[in-house]
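Student: Start from chain A and add chain B according to the hints.
Those sequence lines, one after another, are chains A and B. Mapping of the first sequence onto our numbering: residues 614 to 754, in sequence order. Mapping of the second sequence onto our numbering: residues 3 to 460, in sequence order.
Read the hints as simulated data drawn from the structure, not as lab findings. Glycine residues also receive a C-beta, built at the ideal position from the N, C-alpha and C atoms. Wrong hints could be hidden among the right ones.
Using C-beta positions, here's what the derived DEER-type ranges look like [what the hints assert, rightly or not]:
1. B:R168 x A:E716: 54 to 62 Å
2. A:F659 x B:R409: 46 to 54 Å
3. B:P330 x A:R689: 28 to 36 Å
4. A:F659 x B:A265: 33 to 41 Å
Only some residues are given here: those of chain B computed to face chain A with a beta carbon under 10 Å [what the hints assert, rightly or not]:
5. Q132
6. A211
7. I216
8. D217
9. S220
10. A222
11. E225
12. D229
13. L231
14. S243
15. A246
Here's the letter readout for the chains.
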Amino acid sequence: MTTRPILLVEDNPSDIKLTQRAFAKSNIANELIVAEDGQAALDYLFSDPGRQLPALVLLDLKLPRVEGLEVLRRIRGYARTRLLPVVILTTSKEEEDLVQCYEHGANSCIRKPVDFAEFAAAVAQLGVYWLALNELPAAGG
Amino acid sequence: MKTPALSETELLRENAELRARLEEAEETLRAIRAGEVDALVVGEQVYSLNGAETPYRLLMEAMNEGAATLGEDGAILYCNHRLAELLGTPLNGIIGSPLRRFVGSGDQNAFEALLAEGKQAAAKRELSLQSQGTGPVPVQLSLNVLDIRGTRVVCAVATDLTERKRAEEEMRQLNETLEQRVRERTTQLEAVNQELESFAYSVSHDLRAPLRGIDGWSHALVEDYGDKLDEQAREYLALVSGEAQRMGQLIDDLLELSRVTRAEMRHEPVDLSALAGETVGHLRRYEPQRQVEIVIAPGLTAAGDAELLRLVLEDLFGNAWKFTGKKPDARIEFGCVEGMVDGKGLMVHADSPPGHQPSPIFFIRDNGAGFDMAHATKLFAPFQRLHRPSEFPGTGIGLATVQRILRRHGGQVWADAQRDQGASFYFTLGSDGWRVASDEKGVPAREPPDPSPEERAP
Numbered sequence: 614m615t616t617r618p619i620l621l622v623e624d625n626p627s628d629i630k631l632t633q634r635a636f637a638k639s640n641i642a643n644e645l646i647v648a649e650d651g652q653a654a655l656d657y658l659f660s661d662p663g664r665q666l667p668a669l670v671l672l673d674l675k676l677p678r679v680e681g682l683e684v685l686r687r688i689r690g691y692a693r694t695r696l697l698p699v700v701i702l703t704t705s706k707e708e709e710d711l712v713q714c715y716e717h718g719a720n721s722c723i724r725k726p727v728d729f730a731e732f733a734a735a736v737a738q739l740g741v742y743w744l745a746l747n748e749l750p751a752a753g754g
Numbered sequence: 003m004k005t006p007a008l009s010e011t012e013l014l015r016e017n018a019e020l021r022a023r024l025e026e027a028e029e030t031l032r033a034i035r036a037g038e039v040d041a042l043v044v045g046e047q048v049y050s051l052n053g054a055e056t057p058y059r060l061l062m063e064a065m066n067e068g069a070a071t072l073g074e075d076g077a078i079l080y081c082n083h084r085l086a087e088l089l090g091t092p093l094n095g096i097i098g099s100p101l102r103r104f105v106g107s108g109d110q111n112a113f114e115a116l117l118a119e120g121k122q123a124a125a126k127r128e129l130s131l132q133s134q135g136t137g138p139v140p141v142q143l144s145l146n147v148l149d150i151r152g153t154r155v156v157c158a159v160a161t162d163l164t165e166r167k168r169a170e171e172e173m174r175q176l177n178e179t180l181e182q183r184v185r186e187r188t189t190q191l192e193a194v195n196q197e198l199e200s201f202a203y204s205v206s207h208d209l210r211a212p213l214r215g216i217d218g219w220s221h222a223l224v225e226d227y228g229d230k231l232d233e234q235a236r237e238y239l240a241l242v243s244g245e246a247q248r249m250g251q252l253i254d255d256l257l258e259l260s261r262v263t264r265a266e267m268r269h270e271p272v273d274l275s276a277l278a279g280e281t282v283g284h285l286r287r288y289e290p291q292r293q294v295e296i297v298i299a300p301g302l303t304a305a306g307d308a309e310l311l312r313l314v315l316e317d318l319f320g321n322a323w324k325f326t327g328k329k330p331d332a333r334i335e336f337g338c339v340e341g342m343v344d345g346k347g348l349m350v351h352a353d354s355p356p357g358h359q360p361s362p363i364f365f366i367r368d369n370g371a372g373f374d375m376a377h378a379t380k381l382f383a384p385f386q387r388l389h390r391p392s393e394f395p396g397t398g399i400g401l402a403t404v405q406r407i408l409r410r411h412g413g414q415v416w417a418d419a420q421r422d423q424g425a426s427f428y429f430t431l432g433s434d435g436w437r438v439a440s441d442e443k444g445v446p447a448r449e450p451p452d453p454s455p456e457e458r459a460p
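Chain B with its partners taken away, still in its complex shape:
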């Protein structure tokens, strides 16, 4: 190519032009490298660029988080559309501005601290950004320092917390409403309980008074007019008096049942073996002529309310004592096995499966009259009786009381029996309501166990 000779001025101008074009080319290359360019138009031809960085750029634009790179002074070098959206400001109004300009006035110090931290290592903080359109936007701003070809930039990701905050607030309000409702219900329940208490009180007072009259005046008839009454008349009066006394007992038992539900519960170590010994002592004193072999495993302790647990043992021992009344070789045993209990109160494993804490299951077993399990569905409901009063007297409230007490301890009670083969009553005392003093210094039972030591249930 023949080139005409150029003047020095022309050469200088051409040189400057070439430098400018070189700079332009270098800038284009830089932009391509930095992923800022998706396509080049050269003449009429469009060259799209599918370099390795394009997917990352697309990812940046597609992600739901606002993202930006910041210079060390906090100026925004690059940001994605999501961040522009969050800030309610067009991209060209953001790039080049310091990010702190978009931080809520109350969070400026927090932002500076975060930026200082983020220039060293990954850091994040919740703060609010100032959006032009909608006002403050709560975000979690995560910063991390990046080294891009020798230049330190800070990468910033802003996660919109608006939805989360709204959900939190909703949750808080729901909780508040719930608490309010619980408070209201509690107040209602307390009022109902109060009513029940005064009801129980008037039952105690008002129902017993006429009974005392019925019993008293039938006695008076026998005492004052006995000579004018024949045998049958006296028998009828004895029945009237007996029924009045039975009803008195029913009222007392019902009051007891209501009392164990209302009574405040203590949580203390209770020596069940000792309590059982005392209970048996009372039974023996009451009927010294009875020959009953009693076996109490030593050192059985639990945590609970001693007075309520005493009632449980009195009821269960009392039943065993009563229902062995017709056995010449009566035997009652109080002991403990370890095992697992399912939700229905049935012993499912004598040995606990690995990883499961076995709970002690206490039992009181007798060889008395027993009962048919087919009739035992309502065993623990008040007034349920499985024996005729002429065979074994009772009000049918004892086991209901036992169940209420054990439930209040977080435990349960169930029975296993066969007609004429005796009955076993099992009970637990809830997850934290027990402790077996097998390797601790258990207090020995007051009634020393028989020659046969602690027996284990099969």
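Isolated chain A (complex conformation):
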């Protein structure tokens, strides 16, 4: 299991804490780095080429400053981050949004449920799948 951090791009403080709590509860030890808007996420990923890339990006769609889809587009646009696993966390289940996410190269889209138990389960599954099971090519970061 990779020990690289997870980048959570999320602006809602309550959702940030819930996600942190859910990760802690499902025994995911990876450091959770939080970027509270799209620009902060881009800064984290691109400002220091020497910095280790995260194992996984959890990306909200509706973000201040730079929108989620734009963050995704930039990630897919650079060779270094092109294969970085990005999971979209969204409250929307509008089909149009989902199609757009996948068209922009999202690895997965997950709708954040209202039910906390479901949310915790979704986060735990995310951790298991993307940190433990998923095999990435060496170039993937």
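Tutor: Frame of chain A; chain B shown alone:
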């Protein structure tokens, strides 16, 4: 009478005079016969002529159409006052002139063609006449060949189209204005729709996020501080969490309602029996312990949007499933009757009156809790509920969604129920939105109907 002897010259002169008077008399007779003379003045006496042709002559003058007789070369032999009026030329300036002189320069060829045709049989054409006073006058010129005592003449009738053309033009302009207004309204509506869409989107996003917090943190309290909370505190937190989840469901249902209104509709053959079978399959998997007898008539098909019609069946079957939950011998039936539906969505004839195409009326009937029809006036409005949440949970949006979908198909939905006696929901799918595959190869329902085959509603 004693006549003095006349010289030869005198005789010849008298003879010529007599011939001239005879010719004059013959011309007068011809004119009388032709209806050109209304009265004769002989000396001081006026003789009015009331021959059989006079009424026709009066008719010719009284009619609102310009009328003329033409020689075969198109020269005007006779014309009425109305035609003179149309041409803005006095009668004496018309008679004897070729009619083509009064035809607009752009219509000369058309006129010649019409004249050639009119000499053979009745013919008509729209063209413009040149009026001295007012310029071109649009007319319909009808020609027909007449045989008057061995002479072929062409009878011409010119109907003034000015008023009609003006009305047409007015109509065209009105239509254009109307179309313009429709375009403007459509643009406005599209803008409003766009706003609604983004509103629905932010409702989805922004309202759900705090709910997730409310639910999540009440869970966190129970999980992390459970040992410090007594039974009642935990119950309160469970209520907080339950309410948050219910509101989440409400938001989802509202979004669904808005989605079925916005979604693009397809028009395809839909196997309703198969859809019903799948729907029931889901319900059975979700609550396998329930014993419900389900009867689905085979081969029910319709034309419409399969995904939207699936929602209709899911909602209606879901309701029937829910409201039969307290019946030990629960029974749900999906079938179809043929009948006529009036404008208010009431079945008025089980058998269609002659000359009327009956439409299939689909129904889903259960023997569950039913409801009092007196309370059913707003059954299909969002958030209307006829049962206490403690008895049967629900958001009250399902039937509103059903109605919107069916209306978008040009159909309607209505209910019939009695308290504790079950409910029947009937729906139609518009005039072209249906087809019953009674004598066609209907696809069999996925859930095979019970031993009792297709049942017909009374």
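Student: Measuring from beta carbon to beta carbon, are R168 of chain B and E716 of chain A in 54 to 62 Å?
Tutor: Cβ of R168 of chain B to Cβ of E716 of chain A: about 57 Å, so the range 54 to 62 Å holds.
Student: Is the interface hint satisfied for I216 of chain B? The criterion is a beta-carbon contact with chain A at less than 10 Å.
Tutor: Check passed: Cβ of I216 of chain B comes within 9 Å of chain A, closer than 10 Å.
Student: Taking 10 Å as the limit, does the beta-carbon of Q132 of chain B come near enough to a beta-carbon in chain A?
Tutor: violated (64 Å)
Student: Given S243 of chain B was flagged as interface, is its beta-carbon under 10 Å from a beta-carbon of chain A?
Tutor: This hint holds: S243 of chain B lies near chain A, its Cβ roughly 8 Å from the closest one there, short of 10 Å.
Student: Quick check: does the Cβ-Cβ distance between P330 of chain B and R689 of chain A fall within 28 to 36 Å?
Tutor: violated (59 Å)
Student: Is 46 to 54 Å a correct range for the gap between the Cβ atoms of F659 of chain A and R409 of chain B?
Tutor: holds (52 Å)
Student: Does the CB of D229 of chain B sit less than 10 Å away from some CB of chain A?
Tutor: This interface hint is violated because 17 Å lies over the 10 Å limit.
Student: Under 10 Å, Cβ to Cβ, is where A211 of chain B needs to be relative to chain A, so tell me if that hint holds or is violated.
Tutor: Where the cut-off is 10 Å and the nearest Cβ of chain A is about 5 Å from A211 of chain B, the hint holds.
Student: Quick one, is the L231 of chain B hint okay against chain A at 10 Å, beta carbons?
Tutor: violated (17 Å)
Student: Between F659 of chain A and A265 of chain B, does the beta-carbon spacing fit 33 to 41 Å?
Tutor: For A265 of chain B against F659 of chain A, whose Cβ atoms are near 39 Å apart, the range 33 to 41 Å holds.
Student: Hint validation: E225 of chain B versus chain A, beta carbon distance must be below 10 Å. Holds or violated?
Tutor: holds (8 Å)
Student: Does S220 of chain B meet its interface restraint, that is, does its C-beta lie within less than 10 Å of any C-beta in chain A?
Tutor: holds (8 Å)
In this structure, the hints that do not hold are numbers 3, 5, 12 and 13, in rising order.
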